[in-house]
Amino acid sequence: MNLAADHQRPAASTAAAAGTEKALPIAIRQLSKAYGALPVLDGIDLDVRPGEFLTLLGPSGSGKTTLLMAIAGFLRPDRGSIRFDDSEVVRLAPHKREIGMVFQNYALFPHMDVASNVGFPLRLRRVPAGEIARRVEAALEMFHLGGFGRRRIDQLSGGQRQRVALARAIVFEPRIILMDEPLSALDKQLRERMQIELRQLHERLGTTTVYVTHDQREALTMSDRIAVLDRGRIARIDTPRAIYDEPGSRFVAEFIGESSFLDVEVADGICRAAGATVISPRLPPPHGRRCTLVLRPERLRLLATGEGAGMNCFEGRVTGVIYQGDTLLLQAVLDDGSPVTVRQTTRSGDAGAIRPGEPVRIGIAIADTVLLADEPGQVQ
Amino acid sequence: MTAGSIHAAAGPAGDFHAAALRRDHWRERLGLAGLAAPALLLVAVTMLLPVGWLFSLSFLDDGGALSLANYRRMLAEPSYTRTFVTTFEISLATTAICILLGYPLAYFLVFTVTSTRWRNLLYMSVVVPLWVSYLLRAYTWKIILGTDGALNSLLVSTGIVSAPLDIFLYNQTAMVITLVYIFVPFMVMPLFTVLDNIPRRLIEASEDLGVGPFMTFWKEIVPLSLGGVIAGSTMTFCLAFGDFVAPVLAGGPDGTMVANLLQTQFGAALNWPLGSALATLVLVIVLVLLQISSRLDTAGRVELT
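As they're listed, the protein sequences go chains A and B.
Using my numbering, read the first sequence as starting at 78 and increasing by one per residue.
Using my numbering, read the second sequence as starting at 246 and increasing by one per residue.
Derived by calculation from the structure, the hints in this document are not laboratory data.
We treat Cβ as the ideally placed atom computed from N, Cα and C, and that holds for glycine.
Treat the hints with care, since some could be wrong.
To be verified - Over the 12 Å line for every Cβ pair with chain B, so calculated as not near, a few chain A residues:
1. K110
2. P154
3. D155
4. R156
5. G157
6. H172
7. R174
8. F197
9. E214
10. E218
11. Q232
12. E258
13. I314
14. E435
What the hints assert, rightly or not - What follows is a list of derived Cβ distance ranges for each label pair:
15. B:G512 x A:G113: 52 to 62 Å
16. B:H270 x A:L406: 46 to 56 Å
17. A:R432 x B:R445: 13 to 23 Å
18. A:R228 x B:F356: 33 to 43 Å
19. B:R272 x A:A444: 36 to 46 Å
20. B:P444 x A:A210: 42 to 52 Å
Claimed, not checked - Partner residues are not named here, just some residues of chain B that face chain A (Cβ under 8 Å, in silico):
21. F261
22. H262
23. A263
24. A265
25. L266
26. H270
27. E452
28. D453
With the rest of the complex left out, here is chain A (with noise of 0.2 Å):
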């Protein structure tokens, strides 16, 4: 896939460029782990790019956390190599890696206030306690914390903890940072703030970043690439744009994004959907063969009458309106029965104009139709 072409997202290379020298690639071969007959890790691959900002995404039991824990040391697998540029760690007990873990619950010490916390790491590095104190001070300040040194960690809120948290883990200059499903516990919109805001760290720390989350549009904010695992295999592994739009297989496709699916019939390099031929420019139709039609919501389109050109039509009738505020959300049903939803952006003046039982046409482009093989875990 094509990273140069994604405009929203210089981070990665920029970020590395003012880090380098903290900046360290991690290669993973083989890696496996299995409990008893049931492999959590199965031979994974991964190469995580120096200064890049990678997440792991999947559902529960995918892997992902089992992974994460490796590269940290927790846990030991049964074979495979983890490097830290060159150096192998495999084997390297986890306070020996330098690496700058945030966990899910934050795992503050309760019977520390909140400098202690931060400068634990520098204290037990033997850092001298004037330059303990700056540094504490330095990565508190980073966090919008400055002055809450000597507050308890249970006067503190769900985010400030969590900046607490992050502040620890950074504050001794670590070589890579692991995060597990750290804003997993905060309501939506501070996640959505604290998205943004280790985005920005990340842009400006440059340092390697691996982030756990089974949460789609988290992955999608913030990283340069994601890794979706299914079952201990790493099933893709692009940039969000390309994992996007072109999913590749079936579970990446249902994994990331809403999407409806119409199960589409080949015969003689023409496909047939819903009983509309359906043109795609991506998947050149294997002849004879079943495939999957992936519509997602928002890049659907209902269309007046003679509307249409370079689109792929579908004829159906309107189940459900959904109103919810920014977005229409439309439930229709296609001819041959196929659930399928559209979303389109609210306009002032728009209610009421269109009400379930009417017949519908909906469209999407030729350039966003994506045709996905049948056969599990293929991609394109």
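Let chain A serve as the given structure and place chain B on it in line with the hints.
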């Protein structure tokens, strides 16, 4: 970076450190076992060895030859079986009374006393007697129930009876009273914990669903606190079953319990093999009870999170 350069350094056999990682795993296990070894050794020396020795002793006859003579004699002698039955009855009565007294108390502490300070104070007042010497606590009832004890003084001074009575002490009732007094904290403690862990939401939900207070108690609180009842009953029963101070202090001629038999065989009668056989039987009974109780407990257990 290519995969090839990594592969080259993966290990001599190209096994991706599998052997080394396995070695690390076992080394860590061994280290942990080493740390636990002193404790395990202590248990082996102070518990397993003596019990094993006692057990083997029970199979020796008077001449020191292997035989089942002790067990045969134990079953043939009616006074022994009678003592076992008596002990069983007394322990059962003690346990039942402990439930009847302990459950309302624990319930009251958890659901009625709303102030944390008062609750802790009252709870401590149940537990604190455990810190007083066991012998002293057993003696207390000898003093209260005795011929010139507190109860008789009260009865005489109020004119209910003209002369002190000797019917209170030295019988099975006095023994049960003493045992209940000594062991009731062991019933209250698990009950308190279990009741305290019942989420108040469940009670609210039950009432919201139209169930009255009594049925809420019967259908919600009782099943959820059953684990505590079982744990408390097991402790109380086993402790009462092995007690020998209460029978000596408060028991009469018909109040001999199994522990007193043991004491006699190992002490006055100096018949260690027979004593060992009796002790083995007691151990088997207690182990069976523990097994039953743990089965019952897991059967009704619900994860409350």
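Hint check results:
| no. | hint | in the structure |
| --- | --- | --- |
| 1 | K110 | violated (10 Å) |
| 2 | P154 | violated (6 Å) |
| 3 | D155 | violated (6 Å) |
| 4 | R156 | violated (4 Å) |
| 5 | G157 | violated (5 Å) |
| 6 | H172 | holds (15 Å) |
| 7 | R174 | holds (15 Å) |
| 8 | F197 | holds (25 Å) |
| 9 | E214 | holds (38 Å) |
| 10 | E218 | holds (36 Å) |
| 11 | Q232 | holds (21 Å) |
| 12 | E258 | holds (19 Å) |
| 13 | I314 | holds (14 Å) |
| 14 | E435 | holds (42 Å) |
| 15 | B:G512 x A:G113: 52 to 62 Å | holds (54 Å) |
| 16 | B:H270 x A:L406: 46 to 56 Å | holds (52 Å) |
| 17 | A:R432 x B:R445: 13 to 23 Å | violated (47 Å) |
| 18 | A:R228 x B:F356: 33 to 43 Å | holds (37 Å) |
| 19 | B:R272 x A:A444: 36 to 46 Å | violated (59 Å) |
| 20 | B:P444 x A:A210: 42 to 52 Å | holds (45 Å) |
| 21 | F261 | holds (4 Å) |
| 22 | H262 | holds (5 Å) |
| 23 | A263 | holds (4 Å) |
| 24 | A265 | holds (6 Å) |
| 25 | L266 | holds (6 Å) |
| 26 | H270 | holds (6 Å) |
| 27 | E452 | violated (31 Å) |
| 28 | D453 | violated (27 Å) |
Of the numbered hints given earlier, the model fails hints 1, 2, 3, 4, 5, 17, 19, 27, 28; all others are met.
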